[in-house]
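*Asks:* Listed here are the chains, written in short residue letters.
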Amino acid sequence: MRVLGLSFGFHDSAAALLIDGRIVAAGQEERFTRIKHDADFPRRAIEFCLKKAGIAITDVDRVVYYENALKKFDRIVWASNVREQQKSNGGLMGRARALWNAATNANDVPPYLRSVTHSWFKWEKFDVVGRISDELAVPREKVTYVDHHDSHLAAAFYTSPFDHAAIVTMDGVGEYETAVIAVGRGSEIERKLAISLPHSIGLFYSAFTAFLGFEVNEGEYKVMGMAAFGQPRYYDHVRKLVTLRDDGGFEIDQSCFEFLAPETLPYTEEFLRRFGEPREPEADFAVQRSDLPEDLSDAQAASILNNSRHYADLAASVQLCTEELVLHLAAKASAIAGTRNVCLAGGVALNSLANGRLIREGGYNLFVHPAAGDAGNAIGAAASYYHRAAKRPRMQGFTSPYLGSPLDTTEVEAAVAESGFDAVTTCSSDEELADHVAGLLAGGAVIGWVQGQAEWGPRALGARSILADATNPAMKRIVNERVKFRELFRPFAPAVTAEAASQYFDFEPNLAAGAPEYYMLAVHPVRADKKSLVPAITHADGSARVQIVTSDSNPTFHALLRAFERRKGVPMLMNTSFNLRGEPMVDSARDAIRTFSVSGIDYLVLGRTVVSSRVEL
Amino acid sequence: MADNADLRLEVQKEIDRLAAEFKARGFDNAARYLAANRAAVIEIAVRARLEPKKRDLPSPFVYSMQ
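Heads up: the protein sequence lines correspond to chains A and B, in order. Whatever position you read off the first sequence (first residue = 1), add 17 for my numbering. Whatever position you read off the second sequence (first residue = 1), add 73 for my numbering.
Hints listed in this document are in silico derivations from the structure and should not be mistaken for laboratory results. Fair warning: there could be bad hints in the mix.
[What the hints assert, rightly or not] Straight-line Cα separation of at most 27 Å, DSS-like style, residue types lysine-lysine; simulated pairs:
id	chain 1	residue 1	chain 2	residue 2
1	A	K139	B	K96
2	A	K104	A	K257
3	A	K547	A	K585
4	B	K96	A	K159
5	A	K209	A	K408
6	A	K53	B	K126
7	B	K126	A	K142
8	A	K548	A	K239
9	A	K239	A	K547
10	A	K408	A	K159
11	A	K139	B	K86
12	A	K53	A	K139
13	A	K68	A	K159
14	B	K86	B	K96
15	B	K86	A	K142
16	A	K239	A	K53
17	A	K408	A	K69
18	B	K96	A	K142
19	B	K86	A	K159
20	A	K585	A	K548
21	B	K126	B	K86
22	A	K53	A	K68
23	A	K159	A	K142
24	B	K126	A	K139
The model shown is predicted, which means the values in this text are computed figures rather than measured ones.
Isolated chain A (complex conformation) (with noise of 0.2 Å):
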């Protein structure tokens, strides 16, 4: 049976092919596109998708969308009505607008839900299957749709190692769902707790992302680069606006959110009250003296260090609390499901920060799809499909992350003639070209790595990377500024082999397939002996996003590892996502040299062919 799951219309499109049980191939449309977050209908990751199974739309049995689009405008139409019916008993203000508007019928669609009414017919949201249909010239009875968090369960537990498994999925919103508790067994999932809007730890952290200038949706990894420079010095303030239930859910103060029919911001005057003014976005943020410009007053400096310190330990307050927030989902879960297992699916589940202490501190057995997003529910519509509708048995797990577009030689020849690079070197083998690249990292190079298929998820994971040497106290500030452009506070991942990654590391790495350290989706800490020899990848509390390496799960990134720690001594890079700021990842060898040609990166090794930007004499 051959399956394609869709995932469009409202941030980050994707599409997934699943053939009797195995996912053939994964793509997420910005990769294609070059839009960041495109969120319209998936071509070319559908084309992709065909392309690579050898198939065409003909062949496939059915075409799966990710949510229940009617049943999502129909919270839509509930939300604004709640708000309006709030507003109308808050205040005299409002009882004399709901009394002119009863009086004169003016303005009887309120300004949010007139606003959604036009996004939906301008997109043309509402017949979905329709839309699908025509766009790939199938018939509409091929063509379905499942629930936006049982997609997200699916994408969880079917793509999971285990066979029993809690499942936990947390999200902002889907149709009325912000969080799911359920238990998955064999092939089939059972729902156990519900969380329903305005109860929502996504848009929690997204109104605190927005609060502290960064951009919902994009913005939340900076809440988390920031919260290590803070200490959770509101946490209690923070703390009350949540209540933690008995039975695994909890609600959320809604004085201080708007979460039902935002028009703008997601937060009120009594948030603003309790939290003070909002942080400028692209403010200054500097927590030493010597992180700014010398030219600047005495003044300025300070003023910009007691913000950053407030702002950054606001950051610090809410991370905790979601923390606290996870744990208590995770617990319930595991106690309802009685296992160890616990599949995490839904944006909270990227947490990185959350989900190495559900590893450490949980001590559970954990599993978290690459792409936790709503990309990620490309693959989850096709899986909750094929067993919940079509009765398959269980799926193939996950057994890479490399489900993208592969690199293609031909390409790779034709992009470097083209690109007038002409300092090029091919090596003969893997294990040449390791111990060559190895050599120009330890020599302080900055490297644009590209192999093979590229990575589901937004995490680069040694197929589209940008590396360099972790060691070297100078790289972070090096490649911030030379070529991510990115603001200085963040920090940057290190890939580590497997065997070495408890040495430098304050966790056990389960090797078992599916670990989440294979998909550098868990903060752990780096021990203390090892903090000064690995600095680059040290964030400011001491910890770093560990993604483990293995003969298996990536043998040439693997090979240089090693490569790199034989000249050395440690097993371990630097590695970031290989895009510019505000770009998607590189996909295809042209974006590849595109991106290297205007970065200061210092050689592009794509396949075994190495190119570099320095003038060879």
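We have chain A already, so just place chain B on it with the hints.
*Replies:* Here is chain B on its own, set in the frame of chain A:
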């Protein structure tokens, strides 16, 4: 104008069909909304369909919920 008249007719039919589908599926909030605000929704829909399809998103937070 003729085109707009055709579009209006098309949109009216679509809204009536949608209202019926919402009702049939038990999505009463949406069904009641379309029924109670039919004229206003037709105007919104016609205007939306006449607009060029370029991204003019509200804040990412608002958009993420839509």
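*Asks:* Holds or violated: K159/A and K142/A, Cα atoms, limit 27 Å.
*Replies:* holds (18 Å)
*Asks:* Take a quick look at whether K126/B and K86/B sit within 27 Å of each other, Cα to Cα.
*Replies:* It holds: about 22 Å lies between the C-alpha atoms, which stays within 27 Å.
*Asks:* Is the Cα-Cα distance between K86/B and K96/B 27 Å or less?
*Replies:* It holds: about 15 Å lies between the C-alpha atoms, which stays within 27 Å.
*Asks:* Just to be careful, I want the Cα atoms of K53/A and K139/A compared with a cutoff of 27 Å; is the pair within it?
*Replies:* Between K53/A and K139/A the Cα gap is close to 21 Å, so the pair holds against 27 Å.
*Asks:* Under the criterion that the straight-line Cα-Cα distance not exceed 27 Å, is the pair K239/A, K53/A satisfied?
*Replies:* This hinted pair holds, its Cα atoms lying about 17 Å apart.
*Asks:* With a cut-off of 27 Å on the C-alpha distance, tell me whether K547/A and K585/A pass.
*Replies:* Between K547/A and K585/A the Cα gap is close to 14 Å, so the pair holds against 27 Å.
*Asks:* Taking only the CA atoms, is the gap from K239/A to K547/A under or equal to 27 Å?
*Replies:* With Cα atoms ~25 Å apart, K239/A and K547/A stay inside 27 Å; holds.
*Asks:* Take a quick look at whether K209/A and K408/A sit within 27 Å of each other, Cα to Cα.
*Replies:* holds (21 Å)
*Asks:* Tell me if the straight-line CA distance from K548/A to K239/A falls inside 27 Å.
*Replies:* Since the Cα atoms of K548/A and K239/A sit roughly 22 Å apart, the hinted pair holds (cutoff 27 Å).
*Asks:* Does K159/A sit within 27 Å of K408/A, going by the straight-line distance between their CA atoms?
*Replies:* holds (17 Å)
*Asks:* Holds or violated: are the alpha carbons of K96/B and K142/A at most 27 Å from each other?
*Replies:* holds (18 Å)
*Asks:* Is the Cα-Cα distance between K68/A and K159/A 27 Å or less?
*Replies:* Holds - the C-alpha atoms of K159/A and K68/A are around 20 Å apart, at most 27 Å.
Violated hints: none; the structure is consistent with every hint.
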